[in-house]
Each structure stands twice: as C-alpha cells, then as structure tokens.
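Number of protein chains: 2
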Amino acid sequence: MPTQNNQQEKELPQVLILRTTFVFQLYEKEFHKKFKVLKAWESPLPIESFIESEAQNVEAIFCSGLTPITKDIISQLPLLKIVVTESTGLEHIDMGECKRKGIAVTYAGSVYAEDVADMAIGLVIDVLRKISMADRFIRNGLWPSGVQFPMGSKVGGKRVGIVGLGNIGLMIARRLEGFGCTISYNSRKKKGSTPYKFYTDVVEMASDNDVLIVCCSLTEQTRHIINNEVLRALGKDGVLINVGRGAIINEDDLVECLIEGEIAGVGLDVFEHEPNVPKQLFTMENVVMTPHRAAFTKEGFFDVFQLVMGNLEAFFSDKPLLTPVPVPIANE
Amino acid sequence: MPTQNNQQEKELPQVLILRTTFVFQLYEKEFHKKFKVLKAWESPLPIESFIESEAQNVEAIFCSGLTPITKDIISQLPLLKIVVTESTGLEHIDMGECKRKGIAVTYAGSVYAEDVADMAIGLVIDVLRKISMADRFIRNGLWPSGVQFPMGSKVGGKRVGIVGLGNIGLMIARRLEGFGCTISYNSRKKKGSTPYKFYTDVVEMASDNDVLIVCCSLTEQTRHIINNEVLRALGKDGVLINVGRGAIINEDDLVECLIEGEIAGVGLDVFEHEPNVPKQLFTMENVVMTPHRAAFTKEGFFDVFQLVMGNLEAFFSDKPLLTPVPVPIANE
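Each protein sequence line maps, in turn, to chains A and B.
Position 217, counted from 1, in the first sequence is what the working numbering calls 217; the numbers after and before it change by one each time, with no gaps.
Position 241, counted from 1, in the second sequence is what the working numbering calls 241; the numbers after and before it change by one each time, with no gaps.
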C-alpha cells in the first residue's frame with residue numbers, strides 16, 4: 001500500500017474516482033469510512049494535472065460506465081493495479097491495455113440483469129396494453145369526454161423474439177413464459193441449454209414474431225442490426241422493445257417506420273444519441289420511453305455498492321476479487 | 001322460436017339488445033348474419049314502449065355489464081328465457097329474479113382473467129419502475145436538462161398481498177412468482193390448494209407487505225375494504241394496485257394518504273365514480289391510471305364474441321350452454 005501524507009487517513013488505502021458515479025453519490029459516506037477517496041472531478045485542476053500531482057501512488061480506480069478509462073489515463077498511473085467499475089458493460093475501459101499491464105478489472109456482473117429484464121417486461125405490457133397512453137388520456141381529462149380509448153393487445157399468445165440471449169435475455173424469456181408467450185432468439189451462436197427456437201437471421205426472426213426485444217450488447221456486429229429491413233419484417237402489428245444500447249437500432253430507420261405506420265409500437269429505454277431523443281417520438285401515442293433507467297433501482301444499486309466495496313476491500317487485503325471480469329467477456 | 005313478420009329474416013331468431021356493447025360494436029356484422037337484432041337504443045321510443053311494441057316475442061337478451069337487467073325489464077318480457085352478458089361480473093343482472101323465473105344467464109367466465117392479470121403486473125412494474133413518469137419526463141424534454149430522474153424500486157423480492165384470490169388473483173400470483181416476489185392473500189376463506197400465506201385480516205396483510213393488489217369482486221363485504229387504516233398499514237414505501245372495482249377502495253382515504261405521503265404509489269384501473277377521477281391525482285407523479293381497461297384487448301373481445309355467439313346459438317338450437325353462470329357464483 002502507498003504511504004500517506006495525511007496523518008488522520010494514513011490507514012486508509014487510496015481510491016481514485018475521476019468523475020462521480022451513481023453508487024458513489026448514494027453511498028459516499030461509506031466510501032470515506034474505508035478509503036481515502038481522491039475526487040478528481042472536484043479539483044480545479046485538469047484531470048492530467050490532478051493525476052500527476054495527487055494520484056501518483058494510486059493503485060485502484062473506481063468508475064461508472066460513463067467514465068472512459070483510456071490508455072492515456074492508464075499510462076499516467078504507474079502503480080495502477082485494479083479498475084473497479086459499477087457497470088456491467090466494459091466499453092469505457094481499454095481492456096487490452098489493462099490486460100497488457102496486468103491490471104485487474106472488476107464489474108457488476110449480472111447484478112443489474114433482473115432489473116433490466118423487469119423493465120423489458122414492463123415496456124412490453126405498457127406498449128401492448130397502452131398504459132402510459134391511458135395515463136396521459138386520464139390526466140388530460142379525456143375519460144368523461146366520451147372519447148373512446150383504443151383497445152390494447154393481449155400479452156398472452158404473443159410470439160416474442162429476443163435479440164441476445166445472455167443473462168438478461170434468459171430472464172426476460174422466463175418471465176414471458178409465465179404470460180403464455182412463445183419465445184425464440186437470435187444470438188451469435190445457438191445455446192444448447194434452452195428450449196427456444198434459434199434464428200441465425202434477425203430479419204427472419206422479425207418476420208416470424210409479434211414482438212422483438214433487444215437486449216444484446218453493442219458491438220461492431222450488433223450496431224444498427226435493427227434497421228429498416230428488420231422493422232418492415234416485424235410488420236404493422238409488430239412491437240419493438242430496446243433495453244440494450246441505443247445504437248443497436250438505426251434510429252432514423254425506426255423513426256421513419258413509426259411515421260409511416262410500418263410497426264405498431266415501441267418501448268425504448270435507450271437511444272442512439274442520449275440524452276437526446278428524436279423529437280418526432282414525443283407526440284407519438286404508440287411510443288413508451290424511459291431515460292436509460294432499466295438497470296436503475298435502489299435495491300440494485302445497493303447490491304452493486306456491496307460488490308464495489310467487496311472488490312476494493314478484497315484487492316487491498318490480497319483476497320480473491322468478488323467479480324473479476326472473466327477473460328472471455330473481456331475479449332469479446 | 002317466435003314467428004317473424006319480416007319475410008327476409010324469418011329464419012333468424014330474435015336477440016334484444018337494450019344498449020350497444022363493446023362486443024356488438026366490434027362484431028355487429030356477425031350478429032346480423034345469425035340473428036334478428038332488436039336495437040332498443042336506436043329506437044326513438046322509450047325502452048318500455050320499444051319492448052312493448054317490438055320485443056314481446058323475445059326469448060334472448062344480450063347485454064354488457066353496463067346495462068341493468070332489472071326485475072322491471074324482465075317482467076316486461078314474458079317469453080324471456082336467457083340473458084347473455086359479455087361481462088364476467090353479474091352486478092347488473094337481477095339474478096334472483098332470473099332464478100325465480102327459470103331464466104338462464106351466461107357470462108364471460110374467466111375469459112378476461114388473463115388480460116386483467118397482465119394489466120395488474122403492468123401497473124406493478126409501471127409504478128415501481130416509474131415507467132409512465134419516465135415517459136412524461138422524456139416527452140417534456142427534461143432528459144437533456146440535467147434534472148436527475150429518480151430511481152425506481154426493484155420488483156424482485158417484493159412481498160405482494162393479493163386481495164381476492166380467484167381466477168385473476170391466481171394468475172397474478174403465478175406471474176409475480178416469475179419475478180421473484182413473495183405472495184400472500186386475503187380472501188373470504190383459506191384456499192387449500194395454494195402455497196401462499198393466508199390472512200383473514202387485510203390490515204395485517206397490508207402491514208406485512210410491500211404491494212397490495214386488489215382484484216376481488218365488489219360486494220357489500222368488500223366495499224371500502226381498503227381504507228385509511230389499511231393504507232397506513234401498507235405504509236410509506238407501500239404500493240397499491242386496483243384492477244377490481246373502484247368502490248373497493250375508499251377513494252377519499254386514498255387521495256388523503258397520497259397527499260400526505262402515507263403510501264408510496266398507486267396503479268389504478270378502476271375508480272369509485274367512473275369516468276370521474278379525483279383531480280388531485282392528475283398531477284401526482286407516483287400515480288398510474290388507466291380508464292377501466294384491464295379486461296380490454298382485441299384478442300380478449302374476440303374470445304368473448306365467440307362465447308356470446310356460442311351461447312346464443314346453443315340456446316336457439318337446444319344445446320348445452322357454453323358458459324352458464326354456475327349457481328354458487330350467482331348466489332354470492
């Protein structure tokens with residue numbers, strides 16, 4: 001452990017945070033009990049100068065998925081041994097550089113998966129049964145006016161195609177089985193362990209299904225995988241849900257298909273240019289939108305907080321990390 | 001079968017409809033293919049005069065849950081032998097009078113139950129995960145403003161108390177098990193066939209649970225069963241869902257508890273004075289409202305249409321009715 005200047009904090013190991021995170025905002029007090037936290041974002045210095053003057057002895061960085069841990073940052077921290085991220089995604093971390101330098105990376109594993117799956121189901125029901133639209137209808141005082149509120153569509157019996165059958169996709173599938181839906185999926189490869197029909201081709205899956213749920217990760221292979229062709233194959237009664245990443249869908253194509261009535265409705269937790277959402281969606285009744293909150297619950301963040309603390313404590317006491325990034329995921 | 005004056009329609013048996021219904025609006029053409037429909041609501045005559053001049057030979061009435069079939073109406077139809085309602089509820093039919101006169105009653109049975117259960121789950125997820133609120137947040141352009149959208153609460157792990165464990169209640173319970181919720185229930189009597197904890201007392205159940213879902217029928221025993229005491233027992237983190245009937249909740253008590261922050265949120269498909277909703281709810285962020293649409297899906301109404309036609313055809317061809325009201329339900 002690095003030596004400390006401050007007498008009061010000499011026992012506490014240093015953790016560098018470049019930019020505040022959700023977990024840190026919620027549990028800052030707990031962090032201060034166990035670590036000397038170096039808060040780069042509160043310093044008037046530019047990050048590079050802050051690191052140079054304050055963080056040369058840092059062995060551990062804690063970050064969210066919104067803070068890039070680049071090769072540059074890593075090169076400025078000669079003693080860096082671990083990156084702890086509160087995210088499941090690793091797109092913000094230069095994993096190759098970490099591997100090359102022997103820097104461990106821990107992540108949130110599948111902690112958020114249940115919450116994301118729940119949100120996906122919530123969006124499916126909301127779009128099919130027009131819940132947010134109905135809430136708007138009532139708040140606008142339209143119920144007593146005699147305007148007929150349109151009929152929704154039944155969840156049970158729907159054929160649902162899942163794009164990406166990882167942890168989240170499997171949890172979505174299991175929940176939907178309880179509603180009487182028929183599940184199929186598209187994925188890089190067929191999963192031997194599931195009873196669901198596998199499609200190699202997303203267009204074919206879209207044309208065979210009533211609902212598409214996107215919950216794969218964003219890679220060069222999945223970017224814009226949901227395009228005009230897929231949406232038109234899904235069809236005029238089809239519903240699209242996205243709890244993955246915005247850029248998996250070609251948003252221009254989506255807006256066009258919605259304007260032209262080529263699909264029936266969408267539920268979107270993620271967007272291509274967050275926090276900016278295409279304005280055309282704001283007035284559409286068949287669209288339900290949430291601001292990238294599928295993984296956000298108080299209970300989920302408490303679980304992640306415990307993982308983050310557990311990983312940092314394990315690192316500083318030379319114990320096995322709780323959720324190191326497994327090599328196959330890091331190499332994906 | 002009654003004799004008919006109109007030569008063209010002489011083969012078609014008469015069905016009297018006092019006021020149009022959802023199923024009739026959707027499938028009117030199909031009705032005309034098989035029946036001579038007497039549309040009382042389209043006549044300039046008052047109902048009594050219409051019945052006296054046009055419907056004296058009527059053996060079958062078809063109605064929705066919104067058309068009272070009173071003792072008076074029944075007494076004006078000397079040949080009435082069957083009441084076919086598209087509803088599951090029977091509150092609008094004088095069942096005692098039907099029984100006394102040997103008039104059969106058919107209803108929608110459990111056709112709507114799945115859709116109501118789905119809506120209940122949709123409302124649970126929507127309230128806990130703030131979906132409609134999030135949709136409003138985005139449509140109001142608040143996401144890029146930097147205003148922090150509040151965290152939702154996890155569905156999994158919630159203790160859910162179901163008020164009324166009939167068809168709908170059981171379907172709700174099964175769905176919620178898939179989300180990792182713990183189920184208990186209150187009902188007139190303990191059900192031997194379920195693994196769920198039984199409460200005789202709603203206040204006790206409310207204080208032991210995070211979410212209460214009301215899906216019992218409205219009777220003198222259940223009217224205002226959800227009152228101030230129950231809501232305060234449910235508590236400041238508690239969520240209330242109602243897909244039963246509005247008057248099961250004391251709406252004044254509910255509004256008061258919401259204003260005072262005594263409960264965390266509500267999802268309401270039904271209201272005490274429909275289509276009027278307490279205006280105070282219109283501006284509350286923790287309230288999700290739908291205009292009594294839990295049972296309304298295109299697919300569900302098609303199923304009910306088929307039951308209605310099947311019951312009428314069975315009656316006119318002396319075959320067993322598809323969904324006669326069972327005596328225990330009618331006597332409840």
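Calculated directly from the structure, the hints in this document are not laboratory data.
There could be a bad hint or two in this list.
Heads up, the list lumps identical chains together, so a pair's fine if it works in one copy or across two of them.
Said to hold, decoys possible - Distance condition first, Cα-Cα at most 27 Å in a straight line; then the derived DSS-like pairs of lysine-lysine: (1) 158 - 39; (2) 189 - 36; (3) 298 - 158; (4) 71 - 236; (5) 197 - 29; (6) 81 - 36; (7) 236 - 298; (8) 99 - 29; (9) 191 - 39; (10) 29 - 236; (11) 319 - 33; (12) 81 - 34; (13) 33 - 197; (14) 319 - 101; (15) 191 - 158.
The hints, checked one at a time:
Within a single copy, residue 158 and residue 39 get their C-alpha atoms no closer than 49 Å, and across copies no closer than 36 Å, so neither meets the 27 Å cut-off. In the homo-oligomer, the alpha carbons of residue 189 and residue 36 never lie at most 27 Å apart, since the shortest distance is 45 Å inside one protomer and 59 Å across protomers. Taking identical chains as interchangeable, the C-alpha atoms of residue 298 and residue 158 lie at most 27 Å apart only when they sit on different chains, with a minimum of 13 Å there against 31 Å within one chain. Taking the closest pair of Cα atoms, residue 71 and residue 236 never come within 27 Å of each other, the shortest separation being 46 Å inside a single copy and 48 Å across copies.
For the homomeric pair residue 197 and residue 29, neither the shortest alpha-carbon distance inside one copy (48 Å) nor that between copies (39 Å) is at most 27 Å. In this homomeric assembly, residue 81 and residue 36 come within 27 Å of each other (Cα to Cα) only inside a single copy, at 16 Å, whereas the closest approach across copies is 84 Å. Within a single copy, residue 236 and residue 298 get their C-alpha atoms only as close as 37 Å, which misses the 27 Å cut-off; across copies the closest is 15 Å, which meets it. Within a single copy, residue 99 and residue 29 get their C-alpha atoms no closer than 32 Å, and across copies no closer than 70 Å, so neither meets the 27 Å cut-off.
In this homomeric assembly, residue 191 and residue 39 never come within 27 Å of each other (Cα to Cα): the closest approach is 44 Å inside a single copy and 58 Å across copies. For a Cα distance limit of 27 Å, the shortest separation of residue 29 from residue 236 across copies, 25 Å, qualifies, whereas the shortest one inside one copy, 52 Å, does not. Proximity of residue 319 to residue 33 under the C-alpha cut-off of 27 Å is restricted to the intra-copy arrangement: shortest distance 20 Å within a copy versus 78 Å between copies. For a Cα distance limit of 27 Å, the shortest separation of residue 81 from residue 34 inside one copy, 18 Å, qualifies, whereas the shortest one across copies, 80 Å, does not.
In this homomeric assembly, residue 33 and residue 197 never come within 27 Å of each other (Cα to Cα): the closest approach is 51 Å inside a single copy and 41 Å across copies. In this assembly of identical chains, the alpha carbons of residue 319 and residue 101 lie at most 27 Å apart only when taken from the same copy (20 Å versus 81 Å across copies). Proximity of residue 191 and residue 158 under a CA criterion of 27 Å is satisfied intra-copy only: 22 Å inside one chain copy versus 31 Å between copies.
Comparing the model with each earlier hint shows violations of hints 1, 2, 4, 5, 8, 9, 13; every other hint is respected.
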